[in-house]
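Student: Chains as they are written, first to last, in numbering that gives the first Met the number 0: chain A, 0 to 501; chain B, 0 to 501; chain C, 0 to 501; chain D, 0 to 501.
Everything labelled a hint here was simulated from the structure, so no lab data went into it.
Mixed in with the good hints, there may be bad ones.
One copy or any two copies: either way a pair holds, since identical chains are not told apart in the list.
Claimed, not checked - 25 Å max Cα-Cα, derived DSS-like pairs, lysine-lysine:
hint	residue 1	residue 2
1	K64	K472
2	K330	K365
3	K330	K485
4	K64	K78
5	K365	K64
6	K88	K394
From a predicted model like this one, the values you see are computed outputs, not experimental measurements.
4 protein chains.
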Amino acid sequence: MQSAGAWVYTRLSRKMKILTGIGLKLRTGCLFAALAASLSAQSSPHKEIVKLVEQNSPTYIQASKTIWEYAELGYHEEKSSTLLQRHLKEAGFGVEAGVADEPTGFIATYGKGRPVVAILGEFDALPGLSQAAAPDRSPVKAGAPGHGCGHNLLGAGAALAAVALKQYMEANHVAGTLRYYGTPAEEGGDGKVYMIRAGLFRDVDVVLHWHPASSNAVMNGGALALTSAKFLFHGVAAHAAFAPERGRSALDAVMLMGTGIEFMREHIPSNARVHYIVSNGGAAPNVVPDTAELFLYARSPSLATLDGIWARIEKIGQGAALMTETTLDIKILGSSNNIVANDALATIAQANLEEIGGYRYTAEEKHFAQALQKSLPAGSVPDSELAASVEPLRKFDPNQPSASTDVGDVSWNVPTIGFVAATFVPGVVAHTWQAAACAGTSIGQKGMLVAAKTLAVTAADLFASPQLVRDAKQDFLRQTAGTTYKSEIPAGQKPPIDYGKM
Amino acid sequence: MQSAGAWVYTRLSRKMKILTGIGLKLRTGCLFAALAASLSAQSSPHKEIVKLVEQNSPTYIQASKTIWEYAELGYHEEKSSTLLQRHLKEAGFGVEAGVADEPTGFIATYGKGRPVVAILGEFDALPGLSQAAAPDRSPVKAGAPGHGCGHNLLGAGAALAAVALKQYMEANHVAGTLRYYGTPAEEGGDGKVYMIRAGLFRDVDVVLHWHPASSNAVMNGGALALTSAKFLFHGVAAHAAFAPERGRSALDAVMLMGTGIEFMREHIPSNARVHYIVSNGGAAPNVVPDTAELFLYARSPSLATLDGIWARIEKIGQGAALMTETTLDIKILGSSNNIVANDALATIAQANLEEIGGYRYTAEEKHFAQALQKSLPAGSVPDSELAASVEPLRKFDPNQPSASTDVGDVSWNVPTIGFVAATFVPGVVAHTWQAAACAGTSIGQKGMLVAAKTLAVTAADLFASPQLVRDAKQDFLRQTAGTTYKSEIPAGQKPPIDYGKM
Amino acid sequence: MQSAGAWVYTRLSRKMKILTGIGLKLRTGCLFAALAASLSAQSSPHKEIVKLVEQNSPTYIQASKTIWEYAELGYHEEKSSTLLQRHLKEAGFGVEAGVADEPTGFIATYGKGRPVVAILGEFDALPGLSQAAAPDRSPVKAGAPGHGCGHNLLGAGAALAAVALKQYMEANHVAGTLRYYGTPAEEGGDGKVYMIRAGLFRDVDVVLHWHPASSNAVMNGGALALTSAKFLFHGVAAHAAFAPERGRSALDAVMLMGTGIEFMREHIPSNARVHYIVSNGGAAPNVVPDTAELFLYARSPSLATLDGIWARIEKIGQGAALMTETTLDIKILGSSNNIVANDALATIAQANLEEIGGYRYTAEEKHFAQALQKSLPAGSVPDSELAASVEPLRKFDPNQPSASTDVGDVSWNVPTIGFVAATFVPGVVAHTWQAAACAGTSIGQKGMLVAAKTLAVTAADLFASPQLVRDAKQDFLRQTAGTTYKSEIPAGQKPPIDYGKM
Amino acid sequence: MQSAGAWVYTRLSRKMKILTGIGLKLRTGCLFAALAASLSAQSSPHKEIVKLVEQNSPTYIQASKTIWEYAELGYHEEKSSTLLQRHLKEAGFGVEAGVADEPTGFIATYGKGRPVVAILGEFDALPGLSQAAAPDRSPVKAGAPGHGCGHNLLGAGAALAAVALKQYMEANHVAGTLRYYGTPAEEGGDGKVYMIRAGLFRDVDVVLHWHPASSNAVMNGGALALTSAKFLFHGVAAHAAFAPERGRSALDAVMLMGTGIEFMREHIPSNARVHYIVSNGGAAPNVVPDTAELFLYARSPSLATLDGIWARIEKIGQGAALMTETTLDIKILGSSNNIVANDALATIAQANLEEIGGYRYTAEEKHFAQALQKSLPAGSVPDSELAASVEPLRKFDPNQPSASTDVGDVSWNVPTIGFVAATFVPGVVAHTWQAAACAGTSIGQKGMLVAAKTLAVTAADLFASPQLVRDAKQDFLRQTAGTTYKSEIPAGQKPPIDYGKM
């Protein structure tokens with residue numbers, strides 16, 4: 000049986016050839032998406048799946064709220080992971096837990112044979128962003144973690160998609176393997192990289208993922224390659240009042256390294272990013288610190304450029320050690336790649352996202368949004384209708400703001416497509432208390448439903464169309480031609496389970 | 000009954016007048032001390048007291064070792080304080096615990112009436128200096144506190160002096176009140192300042208104290224006035240990769256404040272000291288830190304000069320806030336004064352310290368010392384005979400290395416004298432793992448006995464000579480004439496019980 | 000008589016309506032330009048003008064070389080300005096010199112009545128870039144100025160265009176006023192801003208300009224708004240060894256301001272630019288500097304954003320003063336606006352630039368180019384065919400590299416269009432010795448001829464088509480609607496004739 | 000013939016033995032000086048010499064004023080040197096000019112045979128300290144040099160002493176060689192070091208010198224050893240707006256090196272000094288600077304300690320280069336040693352300075368002093384009677400404020416003694432405009448007369464007493480035992496004639 004989704008895809012492919020034949024360089028996708036939307040609106044498999052998502056949604060809305068309350072940091076998402084595993088098991092998935100030396104990592108599987116379609120789930124929180132579902136800064140527990148990146152929605156929404164699709168596949172005898180990857184520690188722990196190294200993605204044909212945001216849009220490539228490390232300096236302790244001249248301050252080295260990084264900013268490409276904290280700034284003011292540490296991330300749209308910048312960052316650390324007569328240990332902690340685009344998958348994902356469409360705020364939600372927006376910086380002019388619409392498909396612009404994800408590494412190994420859904424009030428960016436607040440409200444939950452539906456119908460299209468899977472594979476080969484996947488994480492390194500405390 | 004000590008004092012006073020009458024400006028004390036030593040060597044009350052100290056010493060050597068093992072941080076010296084209280088109670092002192100809102104503060108009292116002579120005890124450890132009694136860096140528990148300032152010896156030695164003296168007073172029906180002040184959190188918590196504010200020193204006539212060091216010497220004045228504060232900056236969080244331009248980094252403010260402090264160093268008097276740690280350097284590299292904190296100490300031989308420097312430090316903090324569009328909260332955490340000299344008390348203390356004399360290392364101790372000295376910075380040439388001798392009495396040189404102590408505040412309220420005893424291997428300075436190692440060895444314990452004896456006989460001299468107490472009072476009035484005691488700790492502030500974690 | 004250029008324009012306008020009528024958002028211009036090029040290739044007025052440019056070219060090639068040798072800094076281009084004035088006078092222009100309080104500013108005029116079309120000329124050099132016309136770093140005089148921005152070509156090429164066009168107008172009785180603006184000190188002196196303030200652009204209908212570069216392309220808008228200032232700190236001098244604590248170092252303030260700027264970089268939009276030198280870093284190491292100065296430029300694609308950044312820069316300066324107990328004088332030295340786009344003028348300029356076309360390197364020029372490119376940073380991959388082609392018309396991308404020019408201010412007052420011509424070897428950027436080298440070679444001169452021809456035929460089109468002038472005006476009004484021209488240069492400020500030394 | 004001075008010296012030596020025999024550690028000198036003063040007050044050779052100084056004084060007061068007006072920088076004191084040479088020639092000295100490759104260096108000689116006694120003269124000014132003889136900041140020419148160290152008085156006063164003494168020697172047939180060393184560029188040019196290397200001090204027995212200050216006091220040793228260098232960084236230029244990522248900023252390296260120096264301050268001995276200027280901070284803000292330079296002095300009371308600090312300074316420079324991908328050239332520019340004490344010479348110099356005594360201000364001078372003192376920093380409490388008295392002889396305290404001088408190098412080669420005389424209003428320190436102002440007034444001139452008289456009578460004592468010369472030699476050998484003279488100035492380096500501009 001051929002699904003309507005696949006049918007749309009076929010027609011789109013043909014149309015594309017016609018249009019490109021006339022030699023115009025259009026922003027592909029804008030047009031197609033519109034066509035696709037109109038064509039697939041009546042598609043009955045999609046309808047059935049959407050209905051299943053809606054039927055299952057109360058459980059997963061509740062799960063998203065519970066995980067939001069758990070707010071567990073990367074590699075320590077014990078309760079969150081257990082909750083999702085339980086729901087998936089109850090829904091009939093086989094679950095393998097503790098994969099790839101990651102206690103909270105797991106894979107839930109339904110079905111068998113080709114194709115193997117994987118949906119990614121994340122559920123880790125961020126330190127310091129504890130926040131009530133309120134429009135003003137109200138930590139639930141001051142200093143505690145919070146879901147400032149909405150991974151409570153991400154993990155629950157992806158599970159909802161998997162469960163609904165499984166019910167559809169079962170009911171309709173759809174062949175193939177559906178997997179849900181419970182991937183820990185996206186926020187700096189690179190859980191997926193260790194899963195790749197453990198071979199867990201080796202047999203996967205296509206990977207689907209989504210992420211909370213303030214709009215609905217397909218992400219065809221993008222994200223910034225990232226390397227992170229801790230720069231630990233060792234000096235000589237001394238009584239800071241009595242004999243400071245005997246001390247060699249590791250904190251001085253940290254301060255000078257940080258300052259050196261700031262001076263480098265002007266001389267790296269504008270779209271690169273370097274940011275750091277002082278993860279150990281000395282034990283007591285009256286002792287010249289003999290250890291101090293700077294924890295740094297560097298990012299760039301291109302891993303090659305990032306490698307060049309990284310070499311300079313290490314020089315800055317070494318220069319700081321030289322300046323202060325201290326020594327330096329560099330521990331690479333994490334690294335993730337940029338996301339490889341996949342035009343074949345992007346086209347179908349765009350069609351489906353447009354088919355599903357956005358949603359409108361209730362009066363109460365509008366009220367919440369307006370109150371929350373008062374806390375945003377002057378000059379950010381949020382578009383209040385963002386949640387209701389779907390962005391046109393765009394090429395990734397390396398100069399546009401972006402972030403990083405270990406989904407990047409997955410995309411260098413398997414044809415991958417993802418999208419964002421409008422879970423945050425317009426104007427809100429990830430990694431803020433405002434985002435954490437939204438992730439606990441009905442706004443976040445509505446966005447999660449958009450995501451779950453889009454994931455489920457897109458996966459269904461993939462199960463229905465071998466050609467689509469082949470096209471995805473072919474585009475993957477084209478986009479990665481001449482390059483080899485690599486990760487800056489040292490070979491043999493185990494998942495840094497306690498990276499948040501290191 | 001008039002003690003031999005007082006007799007010596009009287010003769011010294013007379014001699015001084017004769018000598019000063021001939022109009023020469025001698026370094027007073029050098030000569031006197033030598034005379035005093037020869038004169039008092041046979042003094043029988045001193046002999047009796049010294050014997051009592053030695054009899055009681057096993058208990059307090061053990062106590063010093065136990066407290067060294069406890070290694071409890073300021074205001075949390077529960078076990079250490081309890082141990083000393085128990086010993087003092089068992090020796091017949093009345094104990095009032097939890098004084099001045101300080102859970103580990105206490106006063107042990109014996110006798111009644113005038114004069115009131117107080118001996119100070121301290122027992123808090125330093126963070127990060129856990130160390131075995133070994134000549135190489137061997138933490139008992141990595142990162143844990145350790146007695147790098149030897150307060151285990153200080154508190155136990157002072158208690159030993161009190162107990163021995165009490166036995167002597169009892170046996171000889173000496174009138175007057177002897178007190179032991181269990182003063183918590185000398186290392187930055189200013190336990191004594193809150194005791195002063197609670198009026199606990201109001202009726203004291205003379206205060207005696209000692210401190211571990213690598214030589215035997217009377218401290219007639221000195222120490223650096225100190226003010227400490229936490230500079231907490233508040234900025235605006237933002238995703239550090241996606242929208243760093245929306246963030247206002249509190250860590251940037253900390254880095255710039257630190258850098259500003261470094262630039263100020265050249266332009267303050269050379270004998271001032273400013274040192275800091277980064278007590279909060281941000282939560283996660285991928286979030287622009289909205290809070291960050293610098294914890295700073297500033298010191299100067301003169302509180303007036305310190306106040307001028309402090310005003311500039313606050314300006315530097317404000318400048319850093321202005322530069323980064325952040326806001327700044329300054330929380331004064333601690334403050335202590337320099338020590339007021341007392342020539343009358345110094346003369347008698349010097350005589351007594353010389354009478355007691357130093358001690359010699361055993362072959363084993365020499366071996367330990369030599370091994371330990373290998374870890375000292377090149378260029379420090381330790382004098383191996385330091386422990387055996389007593390330094391001549393010197394005027395405090397404000398350009399010589401010094402530290403700070405809340406004994407300073409006591410000395411602005413009560414005639415006070417102190418001395419150091421050779422508990423550390425020569426070349427070792429306080430607040431190092433080397434000092435912590437020594438504080439757990441027989442070298443430290445031998446120095447502690449020198450201290451206990453000197454404290455006890457000096458207190459005995461005070462009980463024996465009302466004139467000496469009057470002279471001490473008169474010199475106190477002369478040295479503090481025209482000034483008023485003040486503390487930079489805000490009025491009404493409670494002891495910062497958790498200052499180590501703030 | 001209606002020129003072919005105007006005719007093309009008319010047809011383009013009609014076509015544009017048709018195309019836009021079908022509702023597609025095309026990158027306008029690409030298509031039009033192609034049509035225009037094919038249509039106007041035979042245009043005989045253009046042919047006549049191009050011929051006149053070529054006939055006059057030897058004189059102006061020689062002038063470009065002479066000015067390249069003069070290499071005079073902004074506001075001190077006495078010999079360069081005089082040379083161009085002489086040529087223009089000899090060609091029949093009336094010349095008014097010393098306009099707008101600028102000794103080297105002048106206006107050369109031919110003809111009368113409307114429209115008034117102005118061509119801009121510049122002729123100032125850059126400090127420190129003295130360089131022979133050689134492919135390796137060979138200063139003619141070490142440390143002396145050089146034409147690293149190719150303004151020797153700019154000024155001579157614009158004059159060549161004016162002279163040729165004047166001959167054509169005279170021969171063909173073309174009505175209207177043609178002006179050449181000799182505008183000094185583009186490099187930081189903002190000569191044009193003072194000309195605007197003096198009312199010298201008030202009656203101008205259209206302004207044309209060009210700039211040396213490594214490709215041939217119309218610039219429809221763009222450039223970065225810029226504000227520059229000197230931050231002069233005043234402290235207290237002191238002997239740096241004897242009494243540094245008495246000093247308050249103005250250099251410390253400069254160092255801290257610079258460092259503060261570096262810390263700000265992360266928190267401004269990526270496409271903004273801030274750069275500075277230490278223009279006064281103290282007189283002698285043994286004296287604490289009582290004056291020191293930082294000379295800073297800030298830029299942004301948007302003047303509004305720039306103003307926000309500028310306010311923060313001033314705060315950083317004030318913060319540095321606060322930190323160091325110094326005082327700060329801020330002297331705004333220059334300011335220029337971004338360039339307002341003009342779609343009507345861009346369309347015709349693109350058509351004409353494509354009509355004129357690029358040029359090819361001789362074997363010798365290729366040899367020079369390859370030798371020069373060896374000095375370029377690894378990773379810059381220059382396209383060797385750039386000079387031969389013309390870039391398609393593009394919208395200004397605010398995230399692409401850009402620079403600043405006081406042409407921006409002109410464009411906020413008069414409809415303005417400009418383009419670049421390929422005078423530099425591909426890969427070479429302005430403000431380098433490589434650019435200075437090219438500006439003295441036949442490569443630079445060939446690019447200058449492309450520019451002179453394009454300027455002349457475009458101006459001729461404007462004289463021929465009142466509609467084109469009206470459309471330019473209308474587009475200007477549309478693009479500037481709701482905004483008001485302003486300059487950050489303080490009202491009443493005179494041209495900073497000695498800004499290079501200030 | 001034996002002078003009274005020598006007679007005093009003999010008696011002092013005998014007395015010293017007696018006093019030291021009683022075993023008291025007195026501050027030697029205080030007492031001796033007092034005795035010496037009373038004993039030598041009637042000495043008739045001293046009287047005669049003092050009279051000759053006074054007779055010759057008008058010429059040299061005028062010379063001091065003329066040199067003050069010349070205010071020539073180091074190695075460029077052409078007019079100042081010529082003027083002094085002319086006066087010395089006219090007084091009967093033989094003059095050798097241009098010695099040791101120093102155009103303004105010279106030696107003026109009278110007499111022959113042993114002993115050879117040399118008086119040092121300096122005459123160089125300081126940049127930026129141009130100042131009228133007025134009590135408020137009034138540059139004669141803004142930015143021009145000024146005599147902020149009073150070397151106009153130093154050179155003229157020393158010449159006055161030489162001329163008067165020559166007249167006395169001639170009249171009294173005193174044997175021996177008297178030399179005046181015209182030593183250029185004391186302010187950073189180390190003129191005397193090159194003279195030493197040229198062997199010009201090889202046959203000298205004793206060197207006498209003086210320096211302007213705000214009190215009258217013998218300097219027995221002291222001064223800080225000093226090394227200075229220029230740290231020149233080379234980077235890669237780039238357009239700072241268009242392609243800053245291509246640049247490697249030499250200014251960044253300078254900024255980071257300076258910041259690194261500031262961070263080192265806490266961790267060197269408090270009595271060390273490091274100070275710097277940015278001698279090249281970039282050419283233009285819109286070009287990433289490819290060269291930038293930091294000019295630094297480091298000082299310490301001990302050359303060995305200084306060498307350790309210097310190694311760290313070089314590491315800081317290298318660290319800054321590493322951090323910024325620039326390269327570093329270090330050019331040692333100057334170096335001078337601390338001054339070796341000479342107790343034998345100090346005793347006689349103290350006796351003579353006390354014999355000559357200070358002077359009192361006129362009402363007008365008091366008025367000037369009070370007006371000038373208003374410009375001094377709050378907290379400096381000048382003693383208005385300083386000029387009238389003579390300080391007691393003190394041991395050099397390495398923690399007291401000090402400066403550096405190439406007299407230090409002389410003192411490592413020849414027995415040397417010097418003193419300061421009260422030429423500056425109390426509270427004024429050298430290297431300020433206030434010092435430059437005083438150096439042009441009668442206050443400065445009166446101090447100069449104190450100096451000239453003391454120099455002349457002390458030299459006369461040396462000519463009169465071979466024993467004194469022998470004792471000086473013996474003390475020199477004692478003080479320098481076990482050490483070797485060295486200079487950090489690279490071997491073979493020529494005097495850096497243009498060091499002020501380098």
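Student: Treating 25 Å as the Cα threshold, decide for K88 and K394: within, between, both or neither.
Tutor: Classified as neither; 39 Å inside a copy, 54 Å across copies.
Student: Is the C-alpha distance from K365 to K64 at most 25 Å within one copy, between copies, in both cases, or in neither?
Tutor: Close inside one copy (20 Å), not across copies (67 Å); limit 25 Å.
Student: Since the copies are identical, ignore which copy is meant and state whether K64 and K78 lie within 25 Å (CA to CA) inside a copy, between copies, both or neither.
Tutor: within (13 Å within a copy, 45 Å between copies)
Student: Within a copy, between copies, both or neither: which one fits K330 and K485 at a CA-CA cutoff of 25 Å?
Tutor: Within. Shortest intra-copy distance 18 Å satisfies the 25 Å Cα cut-off; inter-copy 45 Å does not.
Student: Indicate which option fits the pair K330, K365 if close means a Cα-Cα distance not exceeding 25 Å: within, between, both or neither.
Tutor: neither (46 Å within a copy, 40 Å between copies)
Student: I want to check one pair: K64 and K472. Are their C-alpha atoms no more than 25 Å apart within a copy, between two copies, both, or neither?
Tutor: neither (36 Å within a copy, 58 Å between copies)
Hints 1, 2 and 6 from the earlier list are contradicted by this structure; the remaining hints agree with it.
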